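Chemist: With the sequences and hints as input, model every part of the structure.
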Amino acid sequence: MQKIKFLVIVSFTFSLFTCSNHPVLSDLANSRMELVLKGTYTSNGVETRQATLKNYKYSGLSNAASNNSDSNSFKLYIDLGELRMAKGSGPGRDPSKYWSSFFRGRIALCDSTIASDGRTLQSCAENNGKQKLEDFLTGRGISLPTNDVGSGHYNHIALFVRKFSSSPSFTYDANGNSTKTNKTVFDNERIYGAHAGQAYYLHPNDSSEGVPRLFPLENKNVSIDIPDNDLPYVLEVRVMVNGLLMKHVQTNDSGGYISFIGPANWLENVYDKSGKLGGNFAITARAYQPHNVGNFRGSGTTTLYAVVKAGSSFDGKALPYAAAKGTITNLPPASYDVYTVTDSNNDGFFETASSCATNVVVTKNSTATGC
Amino acid sequence: MISILPFLLVFGLTLACKIQECPIPMRFFTFAFSFFLFVTLTFPVQAQYQKKKFSFEPEIGLWLGPAAPLGELSKHLNTYIGVGLYARFNLPVKGLGVDTGFSYSHLDSDSPATLHLVPIYAGLIYTLPIKFAMKFHIKANFGTTFVKTMPNKKSGWFPNFVLGIGGAFPTGRHLYVGLHIDYILVIENYVKKPYPAYKPINGHFMHFGVSVSYRFGGLQ
Numbered sequence: 005m006q007k008i009k010f011l012v013i014v015s016f017t018f019s020l021f022t023c024s025n026h027p028v029l030s031d032l033a034n035s036r037m038e039l040v041l042k043g044t045y046t047s048n049g050v051e052t053r054q055a056t057l058k059n060y061k062y063s064g065l066s067n068a069a070s071n072n073s074d075s076n077s078f079k080l081y082i083d084l085g086e087l088r089m090a091k092g093s094g095p096g097r098d099p100s101k102y103w104s105s106f107f108r109g110r111i112a113l114c115d116s117t118i119a120s121d122g123r124t125l126q127s128c129a130e131n132n133g134k135q136k137l138e139d140f141l142t143g144r145g146i147s148l149p150t151n152d153v154g155s156g157h158y159n160h161i162a163l164f165v166r167k168f169s170s171s172p173s174f175t176y177d178a179n180g181n182s183t184k185t186n187k188t189v190f191d192n193e194r195i196y197g198a199h200a201g202q203a204y205y206l207h208p209n210d211s212s213e214g215v216p217r218l219f220p221l222e223n224k225n226v227s228i229d230i231p232d233n234d235l236p237y238v239l240e241v242r243v244m245v246n247g248l249l250m251k252h253v254q255t256n257d258s259g260g261y262i263s264f265i266g267p268a269n270w271l272e273n274v275y276d277k278s279g280k281l282g283g284n285f286a287i288t289a290r291a292y293q294p295h296n297v298g299n300f301r302g303s304g305t306t307t308l309y310a311v312v313k314a315g316s317s318f319d320g321k322a323l324p325y326a327a328a329k330g331t332i333t334n335l336p337p338a339s340y341d342v343y344t345v346t347d348s349n350n351d352g353f354f355e356t357a358s359s360c361a362t363n364v365v366v367t368k369n370s371t372a373t374g375c
Numbered sequence: 223m224i225s226i227l228p229f230l231l232v233f234g235l236t237l238a239c240k241i242q243e244c245p246i247p248m249r250f251f252t253f254a255f256s257f258f259l260f261v262t263l264t265f266p267v268q269a270q271y272q273k274k275k276f277s278f279e280p281e282i283g284l285w286l287g288p289a290a291p292l293g294e295l296s297k298h299l300n301t302y303i304g305v306g307l308y309a310r311f312n313l314p315v316k317g318l319g320v321d322t323g324f325s326y327s328h329l330d331s332d333s334p335a336t337l338h339l340v341p342i343y344a345g346l347i348y349t350l351p352i353k354f355a356m357k358f359h360i361k362a363n364f365g366t367t368f369v370k371t372m373p374n375k376k377s378g379w380f381p382n383f384v385l386g387i388g389g390a391f392p393t394g395r396h397l398y399v400g401l402h403i404d405y406i407l408v409i410e411n412y413v414k415k416p417y418p419a420y421k422p423i424n425g426h427f428m429h430f431g432v433s434v435s436y437r438f439g440g441l442q
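In the order they appear, the protein sequences are chains F and Y.
Using the working numbering, the final residue of the first sequence is 375, and nothing's skipped along the way.
Using the working numbering, the final residue of the second sequence is 442, and nothing's skipped along the way.
These are computed hints drawn from the structure, not numbers from a lab.
Keep in mind it's a predicted model, so treat the numbers as computed, not measured.
Among the hints, erroneous ones may be present.
[As the list claims (entries may be wrong)] Below, computed lysine-lysine pairings styled on BS3-like, alpha-carbon distance capped at 25 Å:
(1) Y:Lys370 to F:Lys91
(2) Y:Lys370 to F:Lys101
(3) Y:Lys376 to Y:Lys421
(4) F:Lys368 to F:Lys329
(5) F:Lys91 to F:Lys101
(6) Y:Lys297 to F:Lys101
(7) F:Lys101 to Y:Lys415
(8) Y:Lys375 to F:Lys91
(9) Y:Lys375 to F:Lys101
(10) Y:Lys297 to F:Lys368
(11) F:Lys91 to Y:Lys376
(12) F:Lys91 to F:Lys79
(13) Y:Lys370 to Y:Lys297
(14) Y:Lys415 to Y:Lys376
Modeler: Set out below in structure tokens:
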């Protein structure tokens, strides 16, 4: 009896020491996801920063509109709050179960770390926000610390922008003469410029059907495939800011005008007092594993090519799956439809898309050609 | 016979675990621990016949309290809740006893990451020779831990070490109410890296518990 007892105890002891040879806990500290956030239409290649503002199209604002001295040397201040993705068409009653919130923090991007009273924008200065804005707008991309999300296909992405401010911003009198340089608050300091108020972006253009807006900026038709293996992947999120900015003028209560810089009215003209800017910013996202990608090369080196997954529609009113001049890199092996895109009316957005090849098969470590 | 009951209980729980090949240091722990258990368990059995006055006084307890991540994991997980069962019995050495137990704790976060942790362990417990209404103890355990993480939906079994301090006071002939703090180390840094930049880590956790236990035999 005693011998049986000890045998049971010893065998139990051995069973205590089973151990796995794959990491489990460590996955929480090693994020497979590398988030790259870009402020460009293109998904690869380095763009030059937009130097001048796009033209505006207002009627009846001849005086104010003629004062174009602030078109150059504009500054941007962007405060990013959170990025989420989800599978489905909306959060419904239980947002916490719907969303996978993979980045939550505070990233302040700024063109200048000096406030209007000479003080320093602390958060922006300490986190190298000036360089980050440069990388964001030129398409080099900024990396943000993230948490992993579960594998699978995601179609919904949302970027929560805390502040989108720009400088300069002026208040004009009724004759269109500049009377005041406006100030706003960014990074807990006063800066010259204007915060793109929620009101503008909460009212979408008629043609944008409610999404995407800026607070949050959403897209429910993205194609993010998070691979189901242990290897790292890149999540590329693109928000077109570079090349899209223009000067907006609105009448104010005292019969004068206020000017500020915001996204171009490429979807639909913005009229005085309409206050509708929602929908003019566009976001998209995709995921790829760097060890498992191919390229697409078009015949033109300066032509802007855009690809979408084969069979999905693309009308030029959203950002494509990937786009670049000449060669599009980092494409997961699949079939793609290729378009050439152009900005026919020079408003900043590439709204004219013409199909030039369908079902182009991209394979690993090779370059497909066409167009 | 009653001394084997807690072991059978824990044994049943470990049946679900898949036996896989362990690296050499883990084998060492296996032998060290089996030897340790063999020695400690033969003593009371012999003592049962030699000393009439000695009593195992087995004790079964339940605890509930917060479970907290420490170190690297505390950046990714939030403190949440844990619940556990334990069983103890005396050894003929004054103050020394055998302690076994298992617990379940769930830790969540602001992100999709969550953790399910089930440490199963056995080891020694020592009641400090302090003359006071409360009994204070320190303990050291070894064992295995079932770990499951989200959102990657991965799970596995890893060796653990548990160090604990606590105190309990009697609220009757058999019932004890106590408080304890356990530190749990889950060893995982030996695993194969999925890719070169991957840094395997060990898990460090703290369990704070309010416990209620029933002691067979109890106060004389």
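Chemist: Which hint numbers does the structure go against, in order from smallest to largest?
Modeler: 7, 10, 12
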